[in-house]
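Novice: What follows is each chain in one-letter form.
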Amino acid sequence: MMEEDILCPFCGCLCDDIKVEVDEGRIVGVKRACRLGMSKFMGHERIAAPMVRRDGELVETSYEEAYERAAQILKAAKRPLLYGWCSTVCETAKMGILLAEEVGGVIDSTATVCHGPSIIGIEEKGLAGSTLGQVKNRADLIVFWGANPAEAHPRHTLRYSSNSTGMFTPEGRGGRKVIVVDVRRTRTAKNADKFVLIRPGTDYEVIAALRMIVKGKGDLLPDAVAGIAKSDLEEVADMMKAAKFGAVLIGLGLTHSRGRYKNVDGALSLVADLNGFTKFVVLAMRGHYNVAGFGQVCAWETGYPMAVDLSRGAPYFNPGETAACDLLARREADAMMVVAADPASNFPRKTVEAMAEIPVIQVDPFPNPTTFLSDVVIPTAVCGIEAEGTAYRMDGLSLRMKKVVDSVYPTDEEVVENILDRVRRLGDDN
Amino acid sequence: MVIILKAIMISGRTLGQGASLEAKMSPEFFNATSTCAISESDYNALGISGDENVLVRTEFGEVVLSARKDDGLPPGVIFIPMGPWANAVVGQNTGGCGCPLFKGTEAEVEPTKTRVKDVCELFADLKGLGGEGS
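Just so you know, the protein sequences line up as chains A and B, in that order. In terms of the working numbering, the first sequence opens at residue 1 and continues consecutively. In terms of the working numbering, the second sequence opens at residue 1 and continues consecutively.
Calculated from the structure, these hints are not laboratory results. Glycine included, each C-beta is placed from N, C-alpha and C at the ideal position. Every clue listed holds true.
Restricting the straight-line Cα-Cα distance to at most 25 Å, the calculated cross-link-like pairs of lysine to any residue (SDA-like) are:
| # | chain 1 | residue 1 | chain 2 | residue 2 |
| --- | --- | --- | --- | --- |
| 1 | B | 117 | B | 5 |
| 2 | A | 350 | B | 64 |
| 3 | B | 6 | A | 185 |
| 4 | B | 69 | A | 150 |
| 5 | A | 125 | A | 214 |
Simulated DEER-style distance windows between Cβ atoms:
| # | chain 1 | residue 1 | chain 2 | residue 2 | range |
| --- | --- | --- | --- | --- | --- |
| 6 | A | 303 | B | 61 | 33 to 41 Å |
| 7 | A | 312 | B | 50 | 56 to 64 Å |
| 8 | B | 113 | A | 35 | 29 to 37 Å |
| 9 | B | 106 | A | 303 | 32 to 40 Å |
| 10 | B | 71 | A | 124 | 36 to 44 Å |
Please construct the entire structure, taking both the sequences and the accompanying hints into account.
Specialist: Written out as structure tokens, the structure is:
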């Protein structure tokens, strides 16, 4: 049987047109998905059963015992860190925030090591944003800055941006100009009308120079900025000002490089400046399919989108202090729960060494290096394929994910709710 | 004489890394992420022979990776797909905003005959450091 209009639970594009062929409760074919989505739907090795660490080894156990051990670890901890939440649905995030509040912990999402600096930049400057639908239907200039959708969001260009065809953009790629700014000639750069190769860590300088040209102060600039000829920058500024509707799509090239949130602040400021001449919007190319959703849920529940300390009676947010990498680097967190993420792979090695020193609870469908460091491992259903729920596309549009096939595993939401329930009961005993 | 290349290391997503990121114990993930892309001129200057890997060293650590040429990279910049191999040489400092500097670390690269560690070997020494069960 062919299931239609399935959402893809991989990247922030959250493509909603996938066709999935199901035969006797198993997925046997996928249409329209990119290589990343195809791989997700067709499945990978799973964690077979819940496990707890005994005498240094992970051994299989029951869900009941795993929930109990997880609750004991969180209850005993003075500074528990509840981290992840990107590859799961909003309903899990909501339950996770309740759990963090109950144990007086810090809750943080993978955004902090991804577009977290973008969020801080947005808090500094404000965002002239739009939906991807507006970009598709109206944009005649697309700027990819430090973003490589050809590898990270493979269908983005065709569905939403440079190569899409929309209501007022009937010519598709032919009717659009594309600028790519990056430190290497990526696959995305090969699709550009204008490619600007910058040195790593010079985004801020280049953006500042562009702002000066846009605002008519270009004569104060030297002949080259960060190795880029002024004439090149003038050409980019002219293309931007000539656009009827421009969209700047920012990637991790800005957030992971020297300057971090200030680079993003600069990009948002450039877009604000350009709105004095024409219409411009800016969007962050969010990575995992629901990393944006955690930010939404966390913001409406606590007032902050990530790195929220719930130990003080009122939510407290200070990334650099309350973000996962900082808590671990300072050896401050004394227990960690990881839901739908793999920090052992994605944090710096020294930070991972701090994880190895404390009890870790993992809630995830798939085995990964975080499993190696975990004391309790709880396997779950794959959201968007084996469990339904709400997710937010990278532009902030909320979409309902369907369940495509049944699973023997509980959902992330059920697992977190079970742990929360046991934590509360442990509280009653005291 | 050992030739050492000074370069800026950046990490990031690739299609192969993305397609195998939920199968991190698989050979596909190993092949996709335990590799270092080097510009053609730097690759040739290092004189890497067919059976050699590269040792990438920063002030934060070192890691052995397979090497490949990438004509999209400018000289002096190396690229490692995001994952535990790249993060072996990334520093902890978040600059007060929660996010380590995953792109832009100064690195030294040299050819080596040492084998690339697999994912299990990469983490083998860790849980022994502490944790509830040990």
